[in-house]
Amino acid sequence: MNTRNAGLIAKKELLGLSSEKTIVFAILLQVFIAMFSSFLMVGLTAMYDPEAIEGYSTVAYGVGYAGADSPLIDEFAKRDDLILHRMDLDQALAALRERAVSAVVYVPDTPPDAEGPVIVTLYLIQNDLQSSVINVRIKEVLQGYEKELREVRADRMTTFPVSLNFPESGGGENFFEFVYGLLIPLLVLLPAIVSAALIIDLITEEYQRRTLETLMSTPVTFAEMIWGKVAACEVLVPVQAGAWLLLLGLNGIAVDNAAAILLHASVGGLFLILLGALVALHYRERTSAQFIFSTALVVVFLLVMAVPYNPLNLIVRLAADTAGPVHWLILALVAGATALLGWAVTAYARRVGEGVPA
Amino acid sequence: MSLASSIRTIAVWEMNRSMTTMGRSVLPLAAGLLILLVLVTAFTAESGVHMQDGMYRIGIDDPEIARIVAPDNRFTAYLDSGAALWENRFAYDIVILNGEVYAADTEKGRAALKTLERDYEGYVSYVAAKEPDLFAAYPLWIDLQYVKSEIDFLATQSGQQVGAPADTRRPPVPSGPVEAVTPPASAMPISEEILREHLADTGGSHPLERYTGVISGGSGMEQFKTPSELSAPLPFDAIILVFVFIFPLYFTSQFFMMSVMNERVGRAGEALLSTPACPAAIVVGKALPYFTIMLLISAAITLFAGAPLTILLPLVPVILFFLANALIIGMASRSFKELSFVSIFFSTLATSYLFFPTVFANTHVISIISPLTLVVLDIQGDGFTAMEYVYSTTLFFATSIILFYVGITNFREERLFSEKPLTSRLVDFVSAGISREHPHISLFLLAGFTIPFVFMAQMLTLVLFFNIPMPLSLVLLTVSAAFIEEFAKSIGLYAAARERPGFLTPKNLLLGAVAIGFGFLAGEKLLLFATLAQITESIFGSVLFLSLQVLWMPLLLHIAGVLVTGGFLLLWGRQGYGPGLIAACMVHSLYNLYFLMGAFP
Chain A
1 MNTRNAGLIA KKELLGLSSE KTIVFAILLQ VFIAMFSSFL MVGLTAMYDP
51 EAIEGYSTVA YGVGYAGADS PLIDEFAKRD DLILHRMDLD QALAALRERA
101 VSAVVYVPDT PPDAEGPVIV TLYLIQNDLQ SSVINVRIKE VLQGYEKELR
151 EVRADRMTTF PVSLNFPESG GGENFFEFVY GLLIPLLVLL PAIVSAALII
201 DLITEEYQRR TLETLMSTPV TFAEMIWGKV AACEVLVPVQ AGAWLLLLGL
251 NGIAVDNAAA ILLHASVGGL FLILLGALVA LHYRERTSAQ FIFSTALVVV
301 FLLVMAVPYN PLNLIVRLAA DTAGPVHWLI LALVAGATAL LGWAVTAYAR
351 RVGEGVPA
Chain B
1 MSLASSIRTI AVWEMNRSMT TMGRSVLPLA AGLLILLVLV TAFTAESGVH
51 MQDGMYRIGI DDPEIARIVA PDNRFTAYLD SGAALWENRF AYDIVILNGE
101 VYAADTEKGR AALKTLERDY EGYVSYVAAK EPDLFAAYPL WIDLQYVKSE
151 IDFLATQSGQ QVGAPADTRR PPVPSGPVEA VTPPASAMPI SEEILREHLA
201 DTGGSHPLER YTGVISGGSG MEQFKTPSEL SAPLPFDAII LVFVFIFPLY
251 FTSQFFMMSV MNERVGRAGE ALLSTPACPA AIVVGKALPY FTIMLLISAA
301 ITLFAGAPLT ILLPLVPVIL FFLANALIIG MASRSFKELS FVSIFFSTLA
351 TSYLFFPTVF ANTHVISIIS PLTLVVLDIQ GDGFTAMEYV YSTTLFFATS
401 IILFYVGITN FREERLFSEK PLTSRLVDFV SAGISREHPH ISLFLLAGFT
451 IPFVFMAQML TLVLFFNIPM PLSLVLLTVS AAFIEEFAKS IGLYAAARER
501 PGFLTPKNLL LGAVAIGFGF LAGEKLLLFA TLAQITESIF GSVLFLSLQV
551 LWMPLLLHIA GVLVTGGFLL LWGRQGYGPG LIAACMVHSL YNLYFLMGAF
601 P
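Protein sequences, first through last, are from chains A and B.
If you're matching positions, the first sequence starts at 1 in my numbering and goes up one per residue.
If you're matching positions, the second sequence starts at 1 in my numbering and goes up one per residue.
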């Protein structure tokens with residue numbers, strides 16, 4: 001196989017991409033998403049862990065309190081971001097509906113050492129961002145009250161859990177876990193999937209537009225052409241993934257071991273691209289090829305996720321800087337599988353190439 | 001041949017063709033992959049998702065405590081003597097010595113601590129649930145009740161915050177009517193066994209697990225919770241609906257897009273065009289099978305999720321919208337890769353338009369601009385009124401019909417088989433709608449027809465800027481709204497000038513500007529009264545639709561805007577279009593800002 005010929009094909013495809021301005025659309029997309037990054041970050045983090053929302057709000061909220069006196073009032077007094085108002089229940093609920101207060105608690109007159117439980121009724125506004133914030137704060141207050149009640153009833157308990165003493169953590173934020181454990185691997189994976197879809201377009205187009213004969217009349221062999229297209233798609237993977245990491249860096253999210261992550265992404269991307277090429281060579285028609293490939297992609301993705309030390313997990317570990325040297329071993333394994341697939345694609349392309357009139 | 005029968009013929013033909021091209025070779029493999037998918041899903045469910053394994057390092061001196069974190073893969077636990085751990089404490093994110101937890105003072109250390117706290121809560125619940133005296137272990141239960149409160153669109157005006165922060169020490173007094181409420185009962189209505197079962201189920205759950213139960217809904221048991229189970233309500237559960245309902249629809253529309261594209265590849269559609277069927281019959285006939293399939297898929301998902309079938313009603317315009325866009329993208333793309341990228345770009349925009357407003361479902365009327373909000377409301381059991389249906393779907397119906405119309409008029413040989421870049425092809429599509437004999441009437445109608453798209457784009461900006469603090473959001477809205485309007489008004493003129501270079505004379509420009517101005521105003525008026533009355537009453541509305549209060553002022557503004565862009569085009573040719581657009585946009589923004597200042601001194 002002549003690498004110069006493959007290089008020529010790769011260059012042709014990349015030029016075609018930039019002249020059709022498809023790349024412009026890809027960049028627009030990236031910028032469009034990054035433009036709303038603050039909204040997305042807050043929103044997505046909150047989706048991953050609603051308690052994180054609390055960190056974004058510094059306002060003190062009013063809470064209506066109805067029913068009997070209880071130590072709960074002292075628990076509320078300890079917090080300066082919740083202001084308790086003693087009210088009648090019906091007044092309080094009407095105020096809640098008008099958002100004059102943000103939540104209402106009703107406490108019954110059950111004594112602390114009663115046989116049954118103390119049932120506190122908590123009224124919140126349905127499906128509301130603010131309710132999520134309130135919920136987190138009131139939860140802490142109620143946990144304090146629960147602890148107090150447990151102490152009152154301690155003589156009725158039989159076993160006790162191993163006790164752990166936590167330091168003051170200061171507010172719930174699970175930003176780190178979301179960004180490093182979910183966002184980064186997905187963003188790095190995205191270019192690999194896009195490139196794999198691209199190779200299918202490039203190959204099936206030659207068949208469906210009947211441009212293959214023209215191409216085959218040049219000194220380029222069929223296998224060289226396929227590898228040229230694969231190379232063009234593969235180049236885009238580290239470039240786009242690198243752009244994401246750079247954008248994250250600009251947003252103040254430092255990613256460790258960027259080079260190693262890009263290496264993993266490139267090798268994994270090459271695997272997917274070769275898989276796409278194989279499917280495209282088999283079907284030679286875009287609709288079928290894309291359909292089969294996207295279904296196969298879901299299967300591969302699910303399977304990979306179920307295996308410990310999978311490449312996505314390694315990207316997480318690398319980004320969080322907890323990966324040991326074991327990741328080189330996995331990289332070698334994935335590279336080996338990719339090489340095997342590459343061999344299969346070459347062999348298949350040679351066989352197909354023989355059938356094409358030169 | 002009548003229209004109906006030719007539509008039927010084309011539809012049957014489309015079904016047969018896609019079955020034969022896809023059928024023989026694809027179906028066996030697809031079936032095999034489906035079986036594999038089921039197997040792999042089972043395997044993944046068994047082995048768990050290993051994405052976040054080993055994110056944190058934790059050093060522990062007590063095997064008893066190590067057992068607490070063992071089930072959580074996110075931790076890699078190292079057992080060692082206390083002294084050795086203390087020596088290497090910087091290698092760990094968390095060190096536990098004699099029951100004291102020490103976390104590294106980093107983002108990661110705090111995140112690890114948070115995760116450990118949750119795991120510990122789960123462990124404590126697990127131990128306590130075995131207590132013989134349940135109410136000693138769990139003395140406090142929370143009865144969670146949700147109250148509905150929909151705020152007025154006017155609430156965010158003049159910087160007022162949604163949700164009143166309490167700045168007074170006096171209890172607030174409700175201004176509306178107060179209903180008498182009977183205080184809730186103090187006895188637990190649920191038996192101890194059920195409570196125990198419930199406790200055993202929860203504890204130490206992963207954050208992502210909460211999303212699995214959104215569609216199926218909770219049991220009655222959900223109402224009572226212990227304080228540590230009290231988790232914040234899902235603020236963005238509608239994203240699940242996007243995945244469940246919108247994604248399959250988008251995926252199916254891809255097949256239609258591809259079918260349209262395939263007609264153009266190698267002039268394959270020539271045979272179809274030479275049949276007696278008119279373009280309208282061809283397009284509708286080709287789209288019909290996909291429309292039916294999409295409807296069936298939605299119905300199947302709805303039945304599977306146990307949701308009411310009425311949620312199909314708001315999904316119909318979404319399906320039409322996807323199909324209409326698939327038609328245009330399939331007709332306009334030059335190559336497969338362009339098709340891929342453009343459709344990904346479109347799907348991102350469409351998804352944000354559908355998804356972002358649903359965040360405010362139950363909270364804010366703005367949410368009603370997305371049909372998906374109606375789906376959310378319907379699943380909650382609230383339903384929606386006919387008026388709400390009109391509000392949220394009119395834009396989708398209108399844009400879909402116009403796009404289909406554009407597709408049908410351009411479904412001709414010279415348009416389908418030409419090799420032109422995307423933008424000039426789209427310009428061709430527009431210029432096809434401008435008649436040679438009556439260009440000004442065409443411009444008038446074209447301007448009117450762009451209105452639904454303008455509204456849609458402006459709604460998208462409204463949704464995106466709505467949460468930004470007040471003065472900035474208004475400025476951003478003003479400028480972007482002006483730009484969208486000026487752009488929409490100029491495309492007819494631009495297309496005409498490009499198609500027929502001799503068309504753009506000063507006289508024609510003036511006449512055209514007047515026609516566009518009138519058309520734009522008429523379209524705006526018509527659609528606005530039909531739909532968005534609620535939004536127009538707010539300050540955001542007055543930014544977007546400022547031009548509606550007095551008739552002659554906005555008319556002059558619209559005409560002036562077109563004149564500015566057209567003047568640039570006339571003087572400098574096509575290079576003048578960009579600068580002309582910017583100049584017109586500035587004039588428009590200044591006009592809007594001047595009136596805003598006047599309205600709110």
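A few of these clues could be false.
Claimed, not checked - Not the full set, but computed from the structure, chain B residues with beta-carbon under 10 Å of chain A: (1) Ala70; (2) Asn98; (3) Glu131; (4) Leu144; (5) Ile344; (6) Glu388; (7) Arg412; (8) Glu413; (9) Glu414; (10) Lys507.
In short, the hints are calculated from the structure, not lab data.
In this text, a Cβ means the ideal position worked out from N, Cα and C, and glycines have one as well.
Comparing the hints with the structure gives:
The beta carbon of Ala70 (chain B) is not positioned within 10 Å of any beta carbon in chain A (closest approach about 13 Å), and the interface hint is therefore violated. For Asn98 (chain B), the shortest C-beta to C-beta distance to chain A is roughly 9 Å, which falls under 10 Å, so the interface hint holds. Because the closest C-beta pair between Glu131 (chain B) and chain A is about 6 Å apart, less than 10 Å, the hint holds. Among the interface hints, the one on Leu144 (chain B) holds; its C-beta lies about 5 Å from the nearest C-beta in chain A, closer than the 10 Å criterion.
Taken as an interface hint, Ile344 (chain B) checks out: its beta carbon lies about 7 Å from the nearest beta carbon of chain A, inside 10 Å. Restraint check, Glu388 (chain B) versus chain A: the minimum CB separation of about 17 Å is more than 10 Å; hint violated. Because the smallest distance between the Cβ of Arg412 (chain B) and any Cβ of chain A comes to about 21 Å, over 10 Å, the interface hint for this residue is violated. Taking 10 Å as the C-beta contact cut-off toward chain A, the hint placing Glu413 (chain B) at the interface is violated, the least distance being around 18 Å.
Look at Glu414 (chain B): its Cβ only gets to about 19 Å from chain A, farther than 10 Å, so that hint breaks. Taking 10 Å as the C-beta cut-off, the interface hint given for Lys507 (chain B) is violated, the closest approach to chain A being about 36 Å.
Going through the hint list in order, the structure does not satisfy hints 1, 6, 7, 8, 9 and 10.
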